[in-house]
Each structure stands twice: as C-alpha cells, then as structure tokens.
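J.: The sequence shown runs 1 to 121 under our numbering.
You may find that some hints are simply not true.
To be verified - Quick list of the computed label-pair ranges, beta carbon to beta carbon:
1) R118 - L49: 28 to 34 Å
2) E92 - L49: 25 to 31 Å
3) A9 - L44: 41 to 47 Å
4) I38 - E8: 32 to 38 Å
5) P72 - R93: 19 to 25 Å
6) Q103 - S54: 28 to 34 Å
7) S54 - R78: 37 to 43 Å
Keep in mind the hints are simulated off the structure, nothing from the lab.
Every residue gets a Cβ at the ideal spot worked out from N, C-alpha and C, and that includes glycine.
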Amino acid sequence: MNEQPIAEATLQAGLRDIRLPAEAVGGGLADIAAVVTIAGVLALIVVSLWRLASRTRSERRTGLSAAMAELPTEDTARRTALLHLLKAHAPERFANLRPTLYQANGAPDLQTLEAELRRHA
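Can you build the whole structure from these sequences, using the hints too?
T.: So, in structure tokens, the structure goes:
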C-alpha cells in the first residue's frame, strides 16, 4: 500500500464519483417508482388527516343530537343532564349561566337549555 496520506480534495472528489452508471438496472424507472411511492404515502397521510378532521366534526354533531335524545324525562334530571351537555359543548355559554344556577329560581328553563344546545349541534 501507499504510505502517503491522501489529500482532502482527492478524497472528496473520489466520493463524488460514487454513483451508479446510467445504464444500471432500474436507473430512471427506479427514480420514477420512488417518486410515485413518496407521492402515494403523502397522499395517504393528507387523506387520513382530512378524514379525521371531518369525522370529528360530524361525530360531534350526531353525538350531541343522540345524547339529547337519550336524556331522562324527569325535569330536574333532564335540566342537570342538559347543563352537563352545555358545559361540554358550549363552555362559554355555560360560564355565563353558572352564577345564576345556585340562586333561587335562577336555573334556566328546559326549553332555553335545549334551544342553546340545538344551536351548537
């Protein structure tokens, strides 16, 4: 072997030359296949995120409607359940009602609560 050190410029030039020849198996076709694969993976990611975002919104709407349909019929229990739903789906509106909840005759009537929830459904 040669005992002399290799110059840095020679070493870098040698590294630049490490390439497959143009006539190697799969050359241009392999590049096209790689681009198509990367584009496909990115498309799947975008579609998955889009479906997740749209499904969350529609499930929230149907979830609230279904929850309202399953509420108890007794007035006090129904009012309490409506307030819980309002707190979960419209916290700003619940915060406005909160100071009046514990006053005598301060709780809103059932129709008002149901109308508020339907507006957010």
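J.: Taking the hints in turn, state whether each one holds.
T.: Checked hints:
no.: 1; hint: R118 - L49: 28 to 34 Å; in the structure: holds (30 Å)
no.: 2; hint: E92 - L49: 25 to 31 Å; in the structure: holds (27 Å)
no.: 3; hint: A9 - L44: 41 to 47 Å; in the structure: holds (45 Å)
no.: 4; hint: I38 - E8: 32 to 38 Å; in the structure: holds (34 Å)
no.: 5; hint: P72 - R93: 19 to 25 Å; in the structure: holds (21 Å)
no.: 6; hint: Q103 - S54: 28 to 34 Å; in the structure: violated (42 Å)
no.: 7; hint: S54 - R78: 37 to 43 Å; in the structure: violated (31 Å)
When the structure is compared with the earlier hints, violations turn up for hints 6 and 7 and for no others.
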